[in-house]
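Chemist: Residue numbers (the numbering used here), protein chains in the order written: chain X, 138 to 462; chain P, 138 to 462; chain C, 138 to 462; chain Z, 138 to 462.
Do not rely on the hints blindly, as some may be mistaken.
All copies of an identical chain are treated as equivalent in the list; a pair is satisfied when it fits inside any one copy or across any two copies.
To be verified - Computed cross-link-like contacts, DSSO-like style, restricted to lysine-lysine with a CA-CA straight-line distance of at most 27 Å:
{"hint": "1", "residue 1": "K230", "residue 2": "K394"}
{"hint": "2", "residue 1": "K161", "residue 2": "K230"}
{"hint": "3", "residue 1": "K220", "residue 2": "K166"}
{"hint": "4", "residue 1": "K394", "residue 2": "K161"}
{"hint": "5", "residue 1": "K161", "residue 2": "K220"}
{"hint": "6", "residue 1": "K166", "residue 2": "K230"}
{"hint": "7", "residue 1": "K204", "residue 2": "K287"}
{"hint": "8", "residue 1": "K287", "residue 2": "K140"}
{"hint": "9", "residue 1": "K394", "residue 2": "K220"}
{"hint": "10", "residue 1": "K290", "residue 2": "K161"}
{"hint": "11", "residue 1": "K394", "residue 2": "K192"}
Hint data in this document are derived by calculation from the structure and do not stem from the laboratory.
Just so it is clear, the structure is predicted and the values come from calculations on it, not from any experiment.
4 protein chains.
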Amino acid sequence: MPKYAVILGNLGNTCDRFLSSGYKDQPSKEEMIRQAADISGVEGVELVGTWDVTKDNVEEIGGLLDKYNLQCVSIIPDHFSQKRWGKGAFTSKMADIRAQALDETVIAAELARTLGCPLINLWPGQDGYDYVFQHDYRESRGWIVDSVSKAAKAFPDIQFSLEYKPKEPRTHSFMARAADTLLVAREVNLPNVGVTIDTGHSLVAGENLAEAAVILSDYGSKLFHMHFNDNYRSWDDDMIVGSVHFAEFVELLFWLKELGYDGWYSMDQYPYREDAQGALRGSVEFLMGVDALLTPAAVEELRDVVSEGDAVRSIAWVRSRLFGR
Amino acid sequence: MPKYAVILGNLGNTCDRFLSSGYKDQPSKEEMIRQAADISGVEGVELVGTWDVTKDNVEEIGGLLDKYNLQCVSIIPDHFSQKRWGKGAFTSKMADIRAQALDETVIAAELARTLGCPLINLWPGQDGYDYVFQHDYRESRGWIVDSVSKAAKAFPDIQFSLEYKPKEPRTHSFMARAADTLLVAREVNLPNVGVTIDTGHSLVAGENLAEAAVILSDYGSKLFHMHFNDNYRSWDDDMIVGSVHFAEFVELLFWLKELGYDGWYSMDQYPYREDAQGALRGSVEFLMGVDALLTPAAVEELRDVVSEGDAVRSIAWVRSRLFGR
Amino acid sequence: MPKYAVILGNLGNTCDRFLSSGYKDQPSKEEMIRQAADISGVEGVELVGTWDVTKDNVEEIGGLLDKYNLQCVSIIPDHFSQKRWGKGAFTSKMADIRAQALDETVIAAELARTLGCPLINLWPGQDGYDYVFQHDYRESRGWIVDSVSKAAKAFPDIQFSLEYKPKEPRTHSFMARAADTLLVAREVNLPNVGVTIDTGHSLVAGENLAEAAVILSDYGSKLFHMHFNDNYRSWDDDMIVGSVHFAEFVELLFWLKELGYDGWYSMDQYPYREDAQGALRGSVEFLMGVDALLTPAAVEELRDVVSEGDAVRSIAWVRSRLFGR
Amino acid sequence: MPKYAVILGNLGNTCDRFLSSGYKDQPSKEEMIRQAADISGVEGVELVGTWDVTKDNVEEIGGLLDKYNLQCVSIIPDHFSQKRWGKGAFTSKMADIRAQALDETVIAAELARTLGCPLINLWPGQDGYDYVFQHDYRESRGWIVDSVSKAAKAFPDIQFSLEYKPKEPRTHSFMARAADTLLVAREVNLPNVGVTIDTGHSLVAGENLAEAAVILSDYGSKLFHMHFNDNYRSWDDDMIVGSVHFAEFVELLFWLKELGYDGWYSMDQYPYREDAQGALRGSVEFLMGVDALLTPAAVEELRDVVSEGDAVRSIAWVRSRLFGR
């Protein structure tokens with residue numbers, strides 16, 4: 138049985154470059170936590186450092202999570218929403234900023250310990266570049282390896298999971314795709330360093346979701362965490378899961394079972410103009426629906442379908458589920 | 138009730154630039170016609186000029202169609218598979234080739250009359266360009282308008298439907314998207330000239346399928362014909378309908394009903410490595426499944442959903458059908 | 138000789154959905170106007186309603202423009218940066234919001250008159266949709282036509298230019314591509330309503346820049362305004378012109394000459410992390426460099442190249458300019 | 138000084154799925170070899186197994202290469218143009234086909250030895266999938282590792298270079314991007330197994346060319362070979378180098394120098410409708426032009442530009458070269 142979580146901030150205000158004050162009003166932390174707890178099936182939340190949780194409010198947040206019976210499943214250090222990270226966090230050209238990026242990671246890990254949270258999800262969104270001739274790629278990639286190594290060595294009890302994304306906010310991210318991010322994780326070479334698949338990022342990267350999961354799992358058990366959302370394949374639209382794609386999510390969930398993935402299924406959306414709770418609930422319902430299709434008998438059948446590899450039959454299998462037979 | 142058809146050549150051999158002799162063996166015409174007729178729901182076929190039907194074999198083909206109880210719903214003049222069209226048919230820089238392209242169209246229209254076929258589907262695939270500075274776009278677009286006008290005036294009893302596609306075999310086609318092709322049709326300004334939507338081409342063009350249908354219908358009742366297939370949005374993969382997308386096909390079929398589209402739903406695929414009949418049957422089954430969802434009550438409900446415009450509710454509606462509740 | 142302008146806000150602070158407070162500090166209006174004037178070749182600015190110019194500050198802004206010898210070449214009504222437009226301006230489901238969107242346009246037109254500005258550039262970025270089943274496309278497109286008609290009739294001395302963009306901030310815009318926006322302009326059917334090409338939006342739409350200009354010009358002299366920036370073709374990166382593409386800009390500028398385009402070449406960038414003035418200066422220098430290549434002799438030569446249509450020769454021509462012979 | 142080569146077949150006939158007989162006539166082998174030799178700067182050719190070179194004609198081909206003073210720089214085993222490979226070569230579900238794919242590789246390696254050719258370029262284009270649920274990705278990726286290992290162990294004196302491509306002829310290739318292909322090479326773990334970058338494939342993969350080269354070089358000196366062509370980023374258009382992009386090729390060549398890459402710069406194009414020799418010559422001229430920009434002084438300057446990372450300056454540097462200063 139998958140365990141479902143949501144990123145807490147998904148329930149808050151959302152903005153973009155044109156409407157920087159945001160499309161909505163910002164609810165209180167407790168209100169957002171209550172709304173998360175209220176989504177049937179959701180047992181955990183992910184928190185963003187600075188935005189959601191700091192040294193100052195960690196006890197309060199911990200209390201609220203307890204009150205609403207939610208686990209903190211991951212903390213995402215804030216390496217993206219402050220002016221100081223604008224030209225890079227781990228890969229800033231300024232040594233001082235790089236040091237601060239590591240500090241931010243360490244603080245997040247300490248907060249994680251406090252909250253009994255097992256995982257730090259690293260998405261250093263500003264670590265990339267926009268134009269040619271902006272980086273010595275060897276040096277910059279090396280800086281990421283160094284900082285992740287230091288943090289992961291200091292907190293062997295915490296998992297550090299690297300979330301890749303091809304672009305945005307930079308036109309090119311250093312950790313852009315599953316395999317290049319796995320190379321970083323392997324370079325670090327610590328058992329507590331792995332990779333997060335965000336399904337939307339993977340679609341934008343042109344990956345097949347299931348194959349990305351297999352690659353991470355097969356070359357060293359490095360699939361640590363999953364973020365779910367949907368999009369139109371060219372941009373990280375962060376939409377309700379299943380609003381565009383169906384077959385590929387069925388295949389992904391099948392393979393997550395086959396690979397023995399036992400991490401969380403965490404929703405990561407940007408419901409700019411939608412009722413956020415409704416949008417998250419829709420995603421969880423979709424995934425529960427797909428999961429319900431994958432009975433032991435169905436899994437057995439699918440193994441046979443995969444082994445034969447006949448697309449007419451593969452798609453017939455999916456179609457038969459589409460319309461509920 | 139939609140009427141389903143298939144492009145006959147979809148049942149034949151398929152090749153690409155790497156395997157030019159093709160992935161399969163070529164069945165006989167009768168075998169392909171028999172296979173088309175054998176797909177439950179299929180009542181019509183589209184034929185490609187030269188490949189499938191010529192002055193020499195038109196009687197024989199007509200006889201076979203009668204024998205298997207199929208209508209010829211469209212003829213596609215061959216403006217793409219011969220060396221002479223390599224640098225353009227209607228837009229060749231050589232006046233003689235342009236004249237031949239018109240001749241080919243006229244021949245197709247005559248064959249259509251002979252077969253009682255109501256529509257010529259014009260897909261001049263070679264009419265485009267690959268590099269900058271290869272065409273005077275004004276002149277070339279004008280040539281298309283001229284030739285289409287001449288053919289359509291000569292055959293007022295036949296519909297001429299322009300099929301757009303953003304690219305392939307050229308890196309840029311002149312008739313690339315719904316709206317620019319509609320501009321060509323409006324320039325021609327004859328009631329028997331309209332536009333074909335190929336769902337795969339529309340996805341590659343970045344269009345929303347349903348909106349493309351509305352645009353063609355709303356600005357002058359110009360939606361004449363529909364080709365169906367699916368893809369991953371960046372290339373015309375010509376896959377089984379529903380193998381990638383679901384929600385957008387539901388929306389498209391809803392709007393085709395709303396717009397009163399009474400043309401054919403014709404399958405246009407390239408099952409390179411698949412059993413072709415199975416691949417086409419899968420598409421027809423998918424579309425029939427979607428059509429079955431669109432009961433009068435569902436249509437009424439969807440009008441209300443559209444009128445409200447709340448994405449959470451819109452997607453909940455789609456999802457509720459996904460799992461067959 | 139092209140006339141160059143910049144959008145004033147390009148010189149200000151920039152933000153995105155992750156760093157909503159922005160990557161920079163916000164200079165004063167006068168400082169931005171001074172910087173614009175200081176870019177060699179720049180003679181005009183575009184202003185955004187609300188952000189840059191309102192009824193309250195229009196005299197002051199006019200005075201500053203005079204002081205720095207700049208023309209106001211266009212005003213862009215703010216249909217995107219306020220919460221009330223979040224679910225659409227001209228196409229909001231709420232009649233009151235639609236009326237406000239028209240008011241905003243009218244106000245901008247009045248400000249334009251006050252400033253002696255000849256053109257309103259309409260970019261109703263929120264007018265689109267994100268998911269299927271959110272809009273009655275017929276109705277929504279009709280609303281745009283209605284509002285634009287009303288504004289354009291009320292201000293026959295002002296040009297209203299519709300700026301298309303395939304997506305962002307919505308996953309689908311109603312005015313998405315050159316040709317579908319031209320259809321809107323033709324539906325309005327007034328001589329003072331035309332279309333703006335933003336080169337980045339056109340690249341994302343999969344268009345060839347030069348052909349888009351020809352289509353707008355050829356089907357009714359509707360190319361009213363030009364915005365310049367560059368990108369990697371999948372997203373509106375709003376980069377320095379020429380940082381990614383070269384040949385297509387050469388072809389575009391050649392065709393703008395051929396078509397007799399006499400509007401402005403206006404820079405529209407988002408130099409998130411760059412010195413804004415430097416980024417804009419770079420674009421103007423690039424375009425001036427391309428323009429300098431297009432001597433009368435070169436234009437004559439290019440007409441011959443185009444007429445021949447031999448890609449080897451076309452690209453040899455471009456290459457010979459690349460390395461400065 | 139880079140060494141330039143061409144893939145011999147680029148000089149021959151070209152076809153696609155619509156015009157399977159091809160756009161041109163097929164010249165003789167000697168004619169193609171003569172044409173290759175005749176391109177100023179070209180010193181080597183790549184040959185495709187079966188198409189160009191077999192056990193039967195290897196002596197004759199060797200003689201012709203000697204006659205025209207060309208080296209055979211690589212042999213590409215034919216894993217794509219025969220019906221037997223249609224559903225995969227190394228990853229066919231049929232053990233017998235997999236064995237044949239290995240045989241084909243071994244034959245190519247023997248031919249390479251005969252011709253004094255140092256490298257086998259493996260592009261197993263059919264090794265991929267089109268639909269979901271067609272492959273056990275673990276198993277299939279393992280098969281590639283096995284076959285490559287066997288071949289590379291048997292020919293330790295020959296380099297085996299894996300050429301990645303995101304798609305085509307399959308909708309998804311197993312070796313799709315630089316990093317996932319590097320993972321395969323590292324899994325094989327032999328010094329004579331590396332990776333080929335085809336610049337067009339890399340652009341379609343959304344990679345930055347220079348960064349891909351750095352990744353392959355930096356994580357184990359695995360950049361073995363380079364194929365050059367250009368495209369519009371969404372498909373492998375195989376165009377004249379420099380016809381779309383400029384800045385990224387300058388950056389790539391800078392980094393190839395920095396990394397000490399001493400392999401060949403080999404042209405891999407598909408000049409469907411162009412004079413093939415002219416199209417290849419154009420590419421070589423472009424690369425020579427870029428290489429000429431990279432004087433020791435320029436390289437020194439660029440190191441400083443990269444170290445500073447200011448995009449305004451980076452692009453100013455590129456622009457200053459664009460117009461020949």
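Chemist: Of all the hints given earlier, name the ones this structure violates by number, lowest first.
Modeler: 4, 6, 7, 8, 9, 10 and 11
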